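Novice: Spelled out from the first residue to the last, the chains are:
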Amino acid sequence: MTKLQNKVAELFENGTINLMIGFKNALTNQPVPCFIENASQAELLIYTPECKNNLAVYLHKPEVKQSKKIGIFGNMATLRSIVQLTSENQFWDIEKTILTIDANDEVIVFANMEELETYVQENFPDISEEDLKLLAYLDSLTREERWNYWTEQFTACIKCYACRAVCPMCYCSQCTVECNQPQWVKVSSKTSGNMEWHTIRAMHLAGRCVNCGECGRTCPAGIPIHLLTARMNQDLFKEFGTRPGFSTKGEYALNTFKVDDKEGFIK
Amino acid sequence: MTKKVLSNNLSGNGINTFPMELKILTSANIPTFFNNLLQSGKVVVAPVLKKNGKVYFESVESYDQVSTDYIQTVFSAKSVVFPKVEELFSYTKKEDGSVEITNDMSNVPETVIWGLRPCDSSAFNYLTEFFLKENPDSYYKTRKERTTLISVSCAKADDACFCTSVGLNPGSTEGCDILLTAMGDFFYTEVMTEKGKALIDAKLFTDTEEKSKEEFLAKINIKFSIDEVKERIQNAYESSEWKHESMGCLSCGACAFSCPTCTCFDIQDEGTTENGKRLRCWDACGFGQFTQHASGHNPKTNQTARRRQRLLHKFKYSVENLGIVSCVGCGRCIRICPAHLNIFENILNVTKA
Amino acid sequence: MITENQYIPYTMRIAKKTIEAPNIQTYRLEFTNPEDSKNFTFKAGQFAEYGVLGEGESTFCIASPDTRRGYIECTFRTTGRVTKALANCEEEDIITLRGPYGNTFPIEDWYGKNVVFITGGIALPPLRCVIDTLLDQREKFGEISVYYGAKSVEDLTYKAELEEWANRGDVKLFITVDPGGETPDWKGYVGFVPTIIEQNLPKSDNAVAVIAGPPILIKLGMPILSKCGFPNDQIFTTLENRMKCGVGKCGHCTVGKTYVCKDGPVFTYEEILAMPLEY
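Chains as they are written, first to last, in the working numbering: chain P, 1 to 267; chain E, 1001 to 1353; chain W, 2001 to 2279.
One thing to keep in mind: the hints can contain errors.
[Stated by the list, open to error] Think about it this way: if two alpha-carbon atoms lie no more than 35 Å apart in a straight line, the pair counts; the simulated DSBU-like pairs of lysine-lysine are:
| # | chain 1 | residue 1 | chain 2 | residue 2 |
| --- | --- | --- | --- | --- |
| 1 | E | K1094 | P | K24 |
| 2 | P | K238 | E | K1352 |
| 3 | P | K190 | W | K2084 |
| 4 | E | K1352 | P | K190 |
| 5 | E | K1094 | W | K2017 |
| 6 | E | K1300 | W | K2187 |
| 7 | W | K2219 | E | K1352 |
| 8 | P | K190 | E | K1094 |
| 9 | E | K1277 | W | K2038 |
| 10 | W | K2257 | E | K1093 |
| 11 | P | K190 | E | K1277 |
| 12 | P | K24 | E | K1352 |
| 13 | P | K186 | W | K2262 |
| 14 | E | K1084 | W | K2227 |
| 15 | E | K1316 | P | K61 |
| 16 | W | K2016 | E | K1141 |
| 17 | P | K24 | E | K1277 |
| 18 | W | K2017 | E | K1093 |
| 19 | E | K1316 | E | K1054 |
| 20 | P | K3 | E | K1223 |
| 21 | P | K61 | E | K1042 |
| 22 | E | K1133 | W | K2227 |
Derived by calculation from the structure, the hints in this document are not laboratory data.
Model, not experiment: these values are computed from the prediction.
Isolated chain P (complex conformation) (with noise of 0.2 Å):
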């Protein structure tokens, strides 16, 4: 058994956690997310870089909420998410146990937030270069040719709402596009409804994202919409000096005001 392993039937013997959200392999042979109820299952669990999904996702889901003691395997996305998720009181009704591998591959069971938060703050990534350079493609263009990038983007949208889904901020118990008095959004999954989905989402999620990624990630479809939320997390940043998952104090960009506001921006 890995380290890993011998970790995790520690605790479910010593009744710190009944239920371990965590990676192991499938038969498509990826690693996916699973959830062990029992010692002799831990060594079901297995961590590799290809272990990218956010399993912070589940921490809203009432099935695994019944097991109120919780453990987590995180890797950094997840990591980031729990501390933002810490910062926006979500977490009231159940008891976490947050494990990690770190760089030199040895188990870490954060003690508690404060443990998680220097550790987060110690290893926080930047964006991907990747998603840098597309960033920066999209800057380069005009209003217009950016319009019509994401206008264009959109028409493949089947409004499967994969991205929400996945999404650990994405955790209102009744979505807007859920109200039908009134219908803010529409349901069929027509271009300029995409467009409003996914703007109405971008404003929500803005200055809480993590930029885990993953929306762009499982978007069947193919399109980049973790670009959206990237790009008013660098905005905010530079206004504001908010980063979200960055701290569990961390204050909410749009809902906090402070006399010396930047105000640079209105014009």
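Here the structure of chain P is known, so what remains is to put chains E and W in place on it, guided by the hints.
Specialist: For chains E and W alone, kept in the frame of chain P given last:
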């Protein structure tokens, strides 16, 4: 040489008695055959490689755009006969207070879907049974009548493919009008219906004897016995495995929307009370509000119940209602699922002895 | 005009709008096209999709019997978006109707038998159609009893009709309101419907029972009927589930393999017991 074939190949009428015709099409003539279809004025929908490295069905202008080296497209081709958004009718209030309701299907074009896999064309059999057997759907009927299906056998498969477990195989002729199987420098062509025959150009195709496809087809291990599954699933509703098997499900609609046999839809009005349209658009039983009443009561209270519904529908309810297992083993749901849920793994676990 | 296209609706004019109770209204609808009026026939138990163009459609039973030609009636409670839009309509407004859909109560099987109706609140409308159909051919049936209750006197639906039935003399009526819901001059029963049934048990010989209502009424009422000796295949109910297409295609109303719209909405208790608890 011709051969009589019995298969479920018609608009809900059951047996196809068209005497199958066997032809050869040289690989060199494929682009000509393809481009002739375009020139005859038909819309041709074919697999196209996109920038993200994945292949999608799209309307194309020439054979150059067609992708041939892939295992399966991301989405099925069902949108040709069951569009993701379909206008049921448009309405206008007239000055005298009466309402005019119009629906015009006359400009639905003649379409050829090229490059379906055998699993996909078999799925069209299910769609036809579902939409036309009882309370026939006039929209599906019109579109299907104007669509010809050209399938291409699978030389490759991946871990997500499991057609052989649901009674199909990578060289199956179920549901298609023409099946092409690559055999070196030519394509063995099985012409299954009148519609398929209408596309055959004698200048490009030559008659041939029956050939064995076996060595040219992908080898796909059987994951389960469909007969055993059909039997054991009768008692699977109460299985305690459902919760665990559904834990990863995040209630998006990706599996249902990519599935060639999922048919659930929503009806939405767009417009004002003065004029607008009534549309039907794809919906998915995995969405949290799918079964929710206006009162707030939801008969399917959690995602476990919803995931169970999807699987039981494919392997039990479709059988009870239409006599067909509606899963064709294409593997799209497995590849597309953000949580990588695996339908055949789930089915095996909930039907464990 | 209905063609072979399931989704093209009839257009209907609201001929009469009656407020039955708080948030409950009845519309008497006439076909804008007289040909449609002549050709439209249905049987008790069937429902229709009533719509407001631009807002959507909602599913209600057809609350008037087919024996009364020239109009159909629907009764509904304002609950969501479409019912709100419908409630905001006035007489002479045009709404849409698709139907009739669903299966029917097997009334021909009940000739010569006693028929017991049990219902409550907003669930009287689907049964009112059946009751009126029976009353329009009264001689064909034995004793007809109706147990009906609502939260308060104000909440009783079809107040005028209830009086008519009372005045006929050939219908046994047990009308009740919940404790606390009575008015000083209320002359009917006071108590929950199951309680009133217990106190006035229906006889099951040569009888069938029809029960429709909120889940709590079904849950408490069915066992009482079983206790009285009604066999499960002689107890009928009408189910409701979320519906969109009404013709067994969109998938919203399924309970197991059963489509409530197409295979129902009328089911026997025996059929209900065989279904998964997803309604």
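Novice: Please go over all the hints and tell whether each is borne out by the structure.
Specialist: Hints versus structure:
| no. | hint | result |
| --- | --- | --- |
| 1 | K1094/E <-> K24/P | violated, 62 Å |
| 2 | K238/P <-> K1352/E | violated, 56 Å |
| 3 | K190/P <-> K2084/W | holds, 27 Å |
| 4 | K1352/E <-> K190/P | violated, 43 Å |
| 5 | K1094/E <-> K2017/W | holds, 23 Å |
| 6 | K1300/E <-> K2187/W | violated, 42 Å |
| 7 | K2219/W <-> K1352/E | holds, 34 Å |
| 8 | K190/P <-> K1094/E | holds, 27 Å |
| 9 | K1277/E <-> K2038/W | holds, 28 Å |
| 10 | K2257/W <-> K1093/E | violated, 40 Å |
| 11 | K190/P <-> K1277/E | holds, 13 Å |
| 12 | K24/P <-> K1352/E | holds, 21 Å |
| 13 | K186/P <-> K2262/W | holds, 28 Å |
| 14 | K1084/E <-> K2227/W | violated, 51 Å |
| 15 | K1316/E <-> K61/P | holds, 28 Å |
| 16 | K2016/W <-> K1141/E | violated, 39 Å |
| 17 | K24/P <-> K1277/E | violated, 48 Å |
| 18 | K2017/W <-> K1093/E | holds, 22 Å |
| 19 | K1316/E <-> K1054/E | holds, 32 Å |
| 20 | K3/P <-> K1223/E | holds, 33 Å |
| 21 | K61/P <-> K1042/E | violated, 48 Å |
| 22 | K1133/E <-> K2227/W | violated, 42 Å |
Of the numbered hints stated above, those contradicted by the structure are hints 1, 2, 4, 6, 10, 14, 16, 17, 21 and 22, listed in ascending order.
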